[in-house]
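Chains as they are written, first to last, in this note's numbering: chain A, 516 to 661; chain B, 72 to 226.
If you're looking for bench data, these hints aren't it; they were derived computationally from the structure.
We treat Cβ as the ideally placed atom computed from N, Cα and C, and that holds for glycine.
It is possible that part of the hints are untrue.
What the hints assert, rightly or not - Taking CB as the label site, the calculated pair distances span: (1) A:A610 / B:N190: 20 to 28 angstroms; (2) A:T568 / B:P199: 35 to 43 angstroms; (3) B:R225 / A:T568: 16 to 24 angstroms; (4) A:D550 / B:K119: 27 to 35 angstroms; (5) B:R225 / A:P535: 24 to 32 angstroms; (6) B:T180 / A:H548: 35 to 43 angstroms; (7) A:G556 / B:I181: 15 to 23 angstroms; (8) A:S567 / B:N190: 30 to 38 angstroms; (9) B:R169 / A:L660: 27 to 35 angstroms; (10) B:N190 / A:D550: 38 to 46 angstroms.
Claimed, not checked - One-sided and incomplete, this derived list gives chain A residues near chain B with beta-carbon spacing under 10 angstroms: (11) D631; (12) R640; (13) A643.
To be verified - Computed list of chain A residues with no C-beta within reach of chain B, every gap over 12 angstroms: (14) N551; (15) S553; (16) G556; (17) H560; (18) T602; (19) H603; (20) A610; (21) S626; (22) E629; (23) P630; (24) G644; (25) E648; (26) G654; (27) L660.
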Amino acid sequence: MQPNVRIDIEGLRHTGVGLPVDDIVVAGSPGMHVDNASQLGDAGHVWAGASSTDPVADAKFADPWDKVLVPGLAPGIWALETAADSTHGDAPTSAGFGGNNWVAGTGGHTSYWEPDSQSLKNQARVSAGVYDEVTLHSGTAPGNLR
Amino acid sequence: MTPTRVLPLAATAATLLIITACSGESVDVKSEADTTALVQAQADTIAKLVGGPLENPSTGPMPCTGKRGESSSDIYSIQGAYNITTPAGETPRDGIARVRADWQAQGYTITDDRDLEPNRGIIEANTPDGFSLSVESPATEGFAIFVFSPCFTRP
């Protein structure tokens, strides 16, 4: 099950009209251009997950020596990528961002919708409003929709 | 065997492993119809344990990546999704308890087992032959059942 509606969060934020959604779910996000989840609305309905091996979600926090340890990627390009990602602000899975940090249980940046994965199950549970079924690293799930 | 002969042997073995992984030969051959029947059989067993008929059945193929990273357009898995209404006079946890006991007796590997309020729960397991099973009760009125087959190659 995948969410069938995708919204350009960044574009909507700039309109100043708020987000007409019940929940915000991000996977492998390097940042959402805000300092904490409450700036997006009810922090209890902001859900962020990331694989522990996803370089995109972790880009802002890459150390200098990481740049020379990526096979096939020139250090200069990696540095530019890291600099670009740092403009997104803190990753929503960072400690202190707030909201709910759901368990992905997948690898890399391209497996968040892998069938039968913990990632996909958790996103489906949020979409269905069955929040207490979501497995969390941190955060507090709100009451279920029904 | 001298070290000078071990190295070429090891290199040959590694090459053979890589060829096997890329060709998909390590994924068993089975038709979609046969795999769907196996998924249905797993769901039927769960329905008997829970104590109600399967409702809203939905089965179909999806892409699948094998345990060794095998992937091609011929490698697939079958997913089955169903609902079951909670039997009269019971709570979802009653059905989940019977499922848990059966799966433990079968030697399945329980991968998730949580109680949720009120009287709800989730239980998931992997079978020795590679099926992934999930029984969860998003509401006290019933269950969502998911069955995933392992990867197979179409004949």
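Going down the list of hints, with the structure as the test:
{"no.": "1", "hint": "A:A610 / B:N190: 20 to 28 angstroms", "result": "violated, 34 angstroms"}
{"no.": "2", "hint": "A:T568 / B:P199: 35 to 43 angstroms", "result": "violated, 28 angstroms"}
{"no.": "3", "hint": "B:R225 / A:T568: 16 to 24 angstroms", "result": "violated, 31 angstroms"}
{"no.": "4", "hint": "A:D550 / B:K119: 27 to 35 angstroms", "result": "violated, 53 angstroms"}
{"no.": "5", "hint": "B:R225 / A:P535: 24 to 32 angstroms", "result": "violated, 44 angstroms"}
{"no.": "6", "hint": "B:T180 / A:H548: 35 to 43 angstroms", "result": "holds, 42 angstroms"}
{"no.": "7", "hint": "A:G556 / B:I181: 15 to 23 angstroms", "result": "violated, 37 angstroms"}
{"no.": "8", "hint": "A:S567 / B:N190: 30 to 38 angstroms", "result": "holds, 34 angstroms"}
{"no.": "9", "hint": "B:R169 / A:L660: 27 to 35 angstroms", "result": "holds, 28 angstroms"}
{"no.": "10", "hint": "B:N190 / A:D550: 38 to 46 angstroms", "result": "holds, 40 angstroms"}
{"no.": "11", "hint": "D631", "result": "holds, 5 angstroms"}
{"no.": "12", "hint": "R640", "result": "holds, 8 angstroms"}
{"no.": "13", "hint": "A643", "result": "holds, 6 angstroms"}
{"no.": "14", "hint": "N551", "result": "holds, 28 angstroms"}
{"no.": "15", "hint": "S553", "result": "holds, 27 angstroms"}
{"no.": "16", "hint": "G556", "result": "holds, 24 angstroms"}
{"no.": "17", "hint": "H560", "result": "holds, 18 angstroms"}
{"no.": "18", "hint": "T602", "result": "holds, 34 angstroms"}
{"no.": "19", "hint": "H603", "result": "holds, 30 angstroms"}
{"no.": "20", "hint": "A610", "result": "holds, 24 angstroms"}
{"no.": "21", "hint": "S626", "result": "violated, 9 angstroms"}
{"no.": "22", "hint": "E629", "result": "violated, 8 angstroms"}
{"no.": "23", "hint": "P630", "result": "violated, 5 angstroms"}
{"no.": "24", "hint": "G644", "result": "violated, 9 angstroms"}
{"no.": "25", "hint": "E648", "result": "violated, 6 angstroms"}
{"no.": "26", "hint": "G654", "result": "holds, 16 angstroms"}
{"no.": "27", "hint": "L660", "result": "violated, 10 angstroms"}
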